[in-house]
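Trainee: Read off the chains here:
Number of protein chains: 2
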Amino acid sequence: MTTQSPESSMTAPPGSVVLSVDAMGSDAGPSMVVAGLAKFLKADPEVRVLLHGPKAELTPLLARRRLEGQVTLVDASGVVSMHDKPSQVMRRGKGTSMWSALDSVREREAAVCVSCGNTGALMALAMLRLRKVEGVNRPAIAGLWPSRNPSGYNILLDAGADIRADQDDLLTYALMGTSYARNGLGIERPRVGLLNVGVEEHKGRAELKVAHELISRAAPRAEFEFVGFVEGSEMASERVDVIVTDGFTGNVALKTGEGTAQLLGGFMREAFMKTPLSRIASLLAYTSIRRLRQRMDPRRANGGVFLGLNGTVVKSHGSADATAMAAALHLAAKLARSGFADRLAARVASAAALAQDAGEAEAAPDEPATSKADT
Amino acid sequence: MTTQSPESSMTAPPGSVVLSVDAMGSDAGPSMVVAGLAKFLKADPEVRVLLHGPKAELTPLLARRRLEGQVTLVDASGVVSMHDKPSQVMRRGKGTSMWSALDSVREREAAVCVSCGNTGALMALAMLRLRKVEGVNRPAIAGLWPSRNPSGYNILLDAGADIRADQDDLLTYALMGTSYARNGLGIERPRVGLLNVGVEEHKGRAELKVAHELISRAAPRAEFEFVGFVEGSEMASERVDVIVTDGFTGNVALKTGEGTAQLLGGFMREAFMKTPLSRIASLLAYTSIRRLRQRMDPRRANGGVFLGLNGTVVKSHGSADATAMAAALHLAAKLARSGFADRLAARVASAAALAQDAGEAEAAPDEPATSKADT
Chain R
1 MTTQSPESSM TAPPGSVVLS VDAMGSDAGP SMVVAGLAKF LKADPEVRVL
51 LHGPKAELTP LLARRRLEGQ VTLVDASGVV SMHDKPSQVM RRGKGTSMWS
101 ALDSVREREA AVCVSCGNTG ALMALAMLRL RKVEGVNRPA IAGLWPSRNP
151 SGYNILLDAG ADIRADQDDL LTYALMGTSY ARNGLGIERP RVGLLNVGVE
201 EHKGRAELKV AHELISRAAP RAEFEFVGFV EGSEMASERV DVIVTDGFTG
251 NVALKTGEGT AQLLGGFMRE AFMKTPLSRI ASLLAYTSIR RLRQRMDPRR
301 ANGGVFLGLN GTVVKSHGSA DATAMAAALH LAAKLARSGF ADRLAARVAS
351 AAALAQDAGE AEAAPDEPAT SKADT
Chain S
1 MTTQSPESSM TAPPGSVVLS VDAMGSDAGP SMVVAGLAKF LKADPEVRVL
51 LHGPKAELTP LLARRRLEGQ VTLVDASGVV SMHDKPSQVM RRGKGTSMWS
101 ALDSVREREA AVCVSCGNTG ALMALAMLRL RKVEGVNRPA IAGLWPSRNP
151 SGYNILLDAG ADIRADQDDL LTYALMGTSY ARNGLGIERP RVGLLNVGVE
201 EHKGRAELKV AHELISRAAP RAEFEFVGFV EGSEMASERV DVIVTDGFTG
251 NVALKTGEGT AQLLGGFMRE AFMKTPLSRI ASLLAYTSIR RLRQRMDPRR
301 ANGGVFLGLN GTVVKSHGSA DATAMAAALH LAAKLARSGF ADRLAARVAS
351 AAALAQDAGE AEAAPDEPAT SKADT
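Protein chains in written order, with the UniProt record's numbering: chain R, 1 to 375; chain S, 1 to 375.
These are computed hints drawn from the structure, not numbers from a lab. Please note: incorrect hints may appear among the correct ones.
Put simply, identical chains are the same to the list, so a pair is met inside one copy or across any two.
Straight-line alpha carbon distances no greater than 27 Å define the calculated DSS-like cross-link-like pairs of lysine-lysine that follow [claimed, not checked]: (1) LYS274 with LYS132; (2) LYS132 with LYS55; (3) LYS85 with LYS55; (4) LYS85 with LYS209; (5) LYS132 with LYS203; (6) LYS85 with LYS42; (7) LYS203 with LYS85; (8) LYS39 with LYS55; (9) LYS55 with LYS274; (10) LYS274 with LYS94; (11) LYS334 with LYS132; (12) LYS39 with LYS203; (13) LYS94 with LYS203; (14) LYS85 with LYS334; (15) LYS39 with LYS209; (16) LYS55 with LYS42.
Just so you know, these numbers come straight off a predicted model, no measurement behind them.
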């Protein structure tokens with residue numbers, strides 16, 4: 001199963017978007033998830049939601065916020081905890097809210113699944129229940145990074161689905177990232193960069209040099225612009241929309257950036273609390289400081305998107321509050337409306353064709369032209 | 001040659017510390033290097049400096065600042081440019097100021113070499129002229145990262161000397177980082193962390209799990225504390241002093257942090273320029289904002305230190321101004337006074353002994369116990 005007919009629920013018209021939401025996994029419990037749902041549904045009342053979790057616990061939460069009309073409960077009593085290993089969850093996860101939420105996407109009852117549970121377990125279960133799109137060897141998590149671009153963000157992938165990525169994976173990430181930039185951020189012709197330790201072509205690991213060549217060759221037909229190598233200092237740069245890297249480097253980079261922002265935010269607070277004069281200043285600049293805080297607010301960028309599966313999964317932070325949870329739900333609804341999963345599958349399929357063309361051009365005439373993206 | 005007698009110039013008493021300085025390689029030209037020297041020598045007048053570069057150009061610069069008494073010129077007319085490839089410089093670099101500056105350390109005329117030239121070329125030439133310390137397979141660059149620790153910094157290595165590092169290299173980095181923390185930052189019992197995508201022991205690449213075991217075993221005898229895996233978010237953490245990783249990840253992390261700090265600094269400036277009220281506030285908070293800027297000032301942390309060579313090299317930023325250049329020179333003088341190069345070599349030699357002990361304990365009695373650190 002790679003592509004869907006336009007009649008499928010994945011490309012449903014605005015009125016009938018259905019999201020599948022895992023009620024459990026938030027650090028603050030299911031009431032936080034329901035609070036986020038209420039916030040989201042107030043802003044986007046056309047969406048219908050399948051909410052997975054223990055019915056007895058969730059019924060009063062929904063009733064209190066009068067969400068019964070828009071939210072349908074799906075009873076699932078098991079819960080995946082933050083400490084469960086992915087391998088355990090794959091063996092014994094049936095009956096959990098996470099498993100149930102993914103199965104609604106598998107069964108095409110919902111277009112996108114949203115969960116704030118354990119990332120490793122969610123990716124393992126998603127691979128098991130949704131299966132990889134044909135042509136994708138390693139699915140990726142796409143994260144958002146505050147930037148000076150008009151959308152306010154750059155996309156980074158892989159943010160940590162897999163600690164490894166070879167040259168073909170990196171090409172696939174470029175294509176999937178392009179698709180996400182178009183459908184998630186509305187960027188018509190995304191600019192893609194490959195993360196490296198220098199911008200010169202002789203720098204970096206061997207697989208990066210090959211990936212540079214592969215991505216460069218795919219760019220014209222896949223309708224993105226390849227800006228070549230980018231360095232860590234350009235994560236927030238305006239000259240790129242999508243930054244491609246392996247999941248180890250991507251995870252370290254994202255967390256380093258978050259840590260740096262936290263450190264500087266703390267330094268700033270201390271600076272403004274230091275003297276009576278600076279405390280007065282912080283009152284005067286209250287609106288400006290609030291605007292600054294909003295601009296850097298990680299809750300606005302909540303939602304790592306799993307790419308390369310037959311169905312879309314949005315991972316919300318475990319520590320997400322109602323605002324952050326609502327942001328993840330808005331992103332999920334946007335991706336559902338754009339028919340994202342189908343478009344991404346089509347893009348990866350076209351990559352296989354591209355690789356095949358390249359293979360044919362390079363191969364001896366009597367050799368079979370194998371698809372690089374399938375290996 | 002691994003260790004030096006205490007009589008050598010490397011452990012010279014305070015009065016006779018000699019630094020070897022490459023006058024070329026600064027984006028702003030040799031006048032900036034001389035300005036940094038003047039600033040440094042005013043604060044630390046006991047130091048003597050060998051300054052390498054074109055004599056005709058440097059003589060008037062020194063005369064203008066009356067530095068002839070403390071600075072001896074060594075004529076070298078060639079210059080390594082930012083665009084020269086390391087391989088070219090290794091073949092044709094003789095006669096350049098960089099080569100000449102390294103040779104003063106090689107010949108034991110100076111204890112530490114300082115250069116703001118091309119990093120790749122400097123590392124290649126340093127390996128060629130100074131040679132690796134016995135037991136070190138891959139030298140590393142140690143960078144400083146602003147943190148909440150009393151010293152104001154955490155140490156990160158490798159910051160980009162080599163894009164690869166295996167388990168034995170990572171152990172060596174832990175030992176070299178410990179030695180640098182002790183001699184450069186004055187931390188008696190450094191806490192060492194290994195950078196990974198999660199803190200659980202089952203996470204990450206295979207070589208990281210082995211390195212975890214090796215470093216953990218070496219910690220008691222090498223007198224550092226191993227805190228285990230740390231994540232990118234902990235780069236500035238107070239629970240660690242030395243963060244060990246491969247040069248690819250380290251380079252991306254450092255540059256990502258720098259880029260994030262720049263982005264937020266820019267956002268902050270914009271926030272305070274936005275309204276008349278916030279502009280008044282920024283005037284009121286002038287002292288606090290200046291203090292904040294100083295705390296985040298990358299010039300204070302100028303100086304990547306090359307570790308694992310027979311002699312110490314401090315790499316200053318090419319864009320360093322006089323303040324930053326002076327900071328790199330102060331760091332160099334501190335390392336020279338502590339006899340750092342000898343101490344580091346002794347530490348790595350003890351690691352070879354440690355690995356041998358471990359090898360003997362594990363090996364069959366009739367097998368030769370080979371040193372892991374030598375492979």
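Trainee: Need the list of violated hint numbers for this structure, in ascending order.
Mentor: Numbers 1, 2, 6, 9, 10, 12, 14 and 15 - these are the hints that the structure violates, sorted from lowest upward.
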